[in-house]
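Colleague: In case you want the letters, here they are:
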Amino acid sequence: MSQLLQVIINGIALGGMYTVLVLGFSIIWGVLGVINFAHGEFVMLGAYTAWLANDQLGLDPFLAAPLVFLFMMMVGFAVQKILVNRVIDRPHLVSLLVMFGVSIILSNGMKLIFSADFRRNDTALDGSWQLMDGVTIPVTKFFVLLAALGIVSALSVFLQRTRMGKSIRAAAQNREAARIVGIDVKKVYAITFALCIGITGAAGALISPILAVQPFQGPPLTLKAFAITAMAGLGSIKGALGGAMILGLIEAGLAIYISGIGTNLAVIASFVILVVALVLRPQGLFGGLRPVDAMAS
Amino acid sequence: MSGHLLVANGISKRFGGLVAVDDVSIHVNKGEMVGLIGPNGSGKTTLFDCLSRVQEIDQGKIEFDGVDITKKRPHLVAHLGLSRTFQVIRVYRELTVLENMELSLQWGKVSTAKLFQKPDSSTRDKADQLIDFLLLSRLRNEQAGTLSGGQRRLLEIGMSLMSDPKLVLLDEATSGVNPALVEEIKVRLQILNQEQGVAFLLVEHDVRFVKDLCDRVVVLNYGALLAEGSPQEIMENKDVIEAYFGDDGETDAPEGNDTTVEAKSEGVI
Amino acid sequence: MRRLVESKAFRRVAVMLSLAVLAWLVVLPLRESTTNSTLFSLTLMLTTIAISINWNLTGGFTGYVDFGHAVWFGIGAYVTAILMTKQTSGLGIGWPAFPAIVLGALIAGGMAAVIGKATMRLKGPYFSIAMLGTFVAVREIVRVASPLTGGGVGLTLPPYLNRQLFYYIELGLVVALICFTWWLRRTRFGSALIAVREDEVGAEMRGINATRLKVTVFSFAGGSTGLFGGLWAFQNTFVDPDIAFVESRTIDAVMGTMLGGIGTVAGPVVGSAALYWLREVLWANFLDYHLIIQGLLLIMIVLYVPKGIVGLFDPRSTSIVTLWSRWFGGESVDAYGSSEDLVQMNDSADSTNDHKTEVTS
Chain A
1 MSQLLQVIIN GIALGGMYTV LVLGFSIIWG VLGVINFAHG EFVMLGAYTA WLANDQLGLD
61 PFLAAPLVFL FMMMVGFAVQ KILVNRVIDR PHLVSLLVMF GVSIILSNGM KLIFSADFRR
121 NDTALDGSWQ LMDGVTIPVT KFFVLLAALG IVSALSVFLQ RTRMGKSIRA AAQNREAARI
181 VGIDVKKVYA ITFALCIGIT GAAGALISPI LAVQPFQGPP LTLKAFAITA MAGLGSIKGA
241 LGGAMILGLI EAGLAIYISG IGTNLAVIAS FVILVVALVL RPQGLFGGLR PVDAMAS
Chain B
1001 MSGHLLVANG ISKRFGGLVA VDDVSIHVNK GEMVGLIGPN GSGKTTLFDC LSRVQEIDQG
1061 KIEFDGVDIT KKRPHLVAHL GLSRTFQVIR VYRELTVLEN MELSLQWGKV STAKLFQKPD
1121 SSTRDKADQL IDFLLLSRLR NEQAGTLSGG QRRLLEIGMS LMSDPKLVLL DEATSGVNPA
1181 LVEEIKVRLQ ILNQEQGVAF LLVEHDVRFV KDLCDRVVVL NYGALLAEGS PQEIMENKDV
1241 IEAYFGDDGE TDAPEGNDTT VEAKSEGVI
Chain C
2001 MRRLVESKAF RRVAVMLSLA VLAWLVVLPL RESTTNSTLF SLTLMLTTIA ISINWNLTGG
2061 FTGYVDFGHA VWFGIGAYVT AILMTKQTSG LGIGWPAFPA IVLGALIAGG MAAVIGKATM
2121 RLKGPYFSIA MLGTFVAVRE IVRVASPLTG GGVGLTLPPY LNRQLFYYIE LGLVVALICF
2181 TWWLRRTRFG SALIAVREDE VGAEMRGINA TRLKVTVFSF AGGSTGLFGG LWAFQNTFVD
2241 PDIAFVESRT IDAVMGTMLG GIGTVAGPVV GSAALYWLRE VLWANFLDYH LIIQGLLLIM
2301 IVLYVPKGIV GLFDPRSTSI VTLWSRWFGG ESVDAYGSSE DLVQMNDSAD STNDHKTEVT
2361 S
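Protein chains in written order, with the numbering used here: chain A, 1 to 297; chain B, 1001 to 1269; chain C, 2001 to 2361.
No wet-lab data here; the hints were simulated from the structure. Treat the hints loosely; a few may be bogus.
Distance condition first, Cα-Cα at most 25 Å in a straight line; then the derived DSS-like pairs of lysine-lysine [said to hold, decoys possible]: (1) C/Lys2123 x B/Lys1072; (2) B/Lys1030 x B/Lys1166; (3) C/Lys2117 x B/Lys1071.
Quick caveat, the model's predicted, so the values are computed rather than measured.
Start from the sequences and build out the full structure, keeping to the hints where you can.
Modeller: The following block contains the structure:
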């Protein structure tokens, strides 16, 4: 019983972490139709920025996250201007490969600057709370979950209520129609990309006390983001939240119930879920490819 | 019934909440030319997709040449002698006209051993004959992607004929085609029908084309069967006229016409 | 340009040139100055060329871009290693190398058939990522199944160091593979693959059994890559999950093929060789930067030379842009698109939008 409770707590905490990790990826795909293969590297950049802020200025990652958000927004804006703009109207493989090139450059560039050493970012919100006998709440992950819920609600309000948010949804649903009614689609894309990279960077800052910071931490995170998005539907905030929670619960369950190799099994599980979800629902997912279906929430 | 080539009973197809094809029964006899008309969005192309097994159907049964094809894979349906063209033209754009034609041979007769040989000369001769027949000889070695829309339509018709089909489903064979060529296509189809007994089921917007060619016309509206009869009966059918005018006033009126009946029906369909 | 390329003289020169290169490759190991490490490095280049050729069979000819192709290499390597170290044959523990490598290739091909049957129902990026997922999952499974695979520790094979023999075997296999693809491209089977790439639905309606074709070719490519995996394992005398299953093998195959010209027979060979040479230069002079430069190069190829080196000479070759626009119809207009195309595409977009709006309302 207490073990099950622990699984649920760990799963939800992990799900919160995955939610912040997947949001930016899912929205960029949904709105711009670009599969951001460098997603994990932007997380990594955010994590390094947070680590630097802690190392140089003594800033706690949770306090640094908003700053990282702003910094990464600028990075995102630059990447959008230089590269993404050129590939938006091209087939998926083009954007996929270009972003893949970006990921190689970013990871190896960071290795050049910081070496391949693993770094740990410390936070004051550390340790675990004893809930009852044999059941603990991991403090850092709990606060990441809170932050995730905060980001999700802020983003929902932004997309539902603000003029810019409505433009983003319009552009996601029909690029041409949005253009005709006078929405500056290029600007919308630039802002969406910058915003999503900002969120992704902030996610990197938030998870920097949990996952070791290193130049090659990106690819598994990109794959997880892809698995969750493919499972839940792209561009949907609720989908991202739900998919992240499902994956979190499954991984937490495997890690606790199957000792020793549970973590490896968790990695396998996420990809088995990905492949099975893709193969069993090809028609649904194929329909989901169209930006039309994005932003269903 | 020995005369029936294609028999489809109670076909239904839904997309989410939209019923695209609603309990439609349709048949085509051997060597018959049947027109399928209806306003935009009435489910003609979806019905075509169902009949040729590009789309799974939700309900109903399709029989072709005495074989139940309701669950058959599309390539097997093609092997039986059912061939089609598409509303959005599907030609292999980076291959030449000749290669396109050669690739559309009767794959059902290609044994595994022949699969690993070069295409034989009989296929090429046949492709060349059809290319001549469709007046495409000048473009024989051009890439299909460089052809005009009308030329691609012709090529696609040619491809659908390469496999010696018993029935060809033609989806808007004349849209985008130069009016002079439309007449030519009409003649060619008639020749094929009369000399080789190929049956046709055609979706058409050009009413004169349907009227001149078809023995029988089937009208769809909102995915359901509205009327069926000879071209003349259909033109005079009140329901049909209402279906076209009742929906919206803006219908596409193609090239000029002489008589008022003609004008009316052109406007209608 | 086109006339030049299609002229007999040009072809003759190209054939002579390839034969000269081949002759040089054959004579090379016999020279005194050739060291074992050079031979090993050249053998690895041949392996990369072979993987690129196999990748191009599915990625280039059939249009299914596989991001996890290295999984077959790893499976071939592991099956060989397991057979040679753990299985009992008539001669005691451990199979001889030759049957072990062949069985490794067969098992890799068989698994490719099974997995391909499932994943090849997916289109475009979904197929690519499903294969990447398969790759990662298989690597983890190998890590977990330690009784059989030795887990993270890996397996050590009986040493047999005859670099020259391996070099000649792989050279022979690569030449055979090139001839095979050249021949395959000219058969009905090869043209049917192109038809599937160009338009799968259309090809099926013309009577082509697309599923059987693409799974067959996928399985062949998997088995062939598995064969080179087995050869590699034997030469390397050691396998563990992290060196048998390396993403960079897929990356090299994709990059080599794209640099050379995707969907062409010569492309993967030219591209992988060029990449190998480029890397030797980069390695020597910019050790720290070479991967960064490689990333930049990838972006440059995709954006500016989508047809690759061979594409510069062959006007009929395909580019990744047109290749992938097939799956997403209206998303991009390729170089040949006329204004009528635009009308066509809008028509189709309208009709699908009709459905869409009614579905959601």
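Colleague: For the pair we were handed, lysine 2117 of chain C and lysine 1071 of chain B, check the Cα-Cα distance against 25 Å.
Modeller: holds (19 Å)
Colleague: With a cut-off of 25 Å on the C-alpha distance, tell me whether lysine 1030 of chain B and lysine 1166 of chain B pass.
Modeller: With a Cα-Cα distance of about 8 Å, the restraint between lysine 1030 of chain B and lysine 1166 of chain B holds, given a limit of 25 Å.
Colleague: Holds or violated: are the alpha carbons of lysine 2123 of chain C and lysine 1072 of chain B at most 25 Å from each other?
Modeller: holds (22 Å)
Of the numbered hints given earlier, the model fails none.
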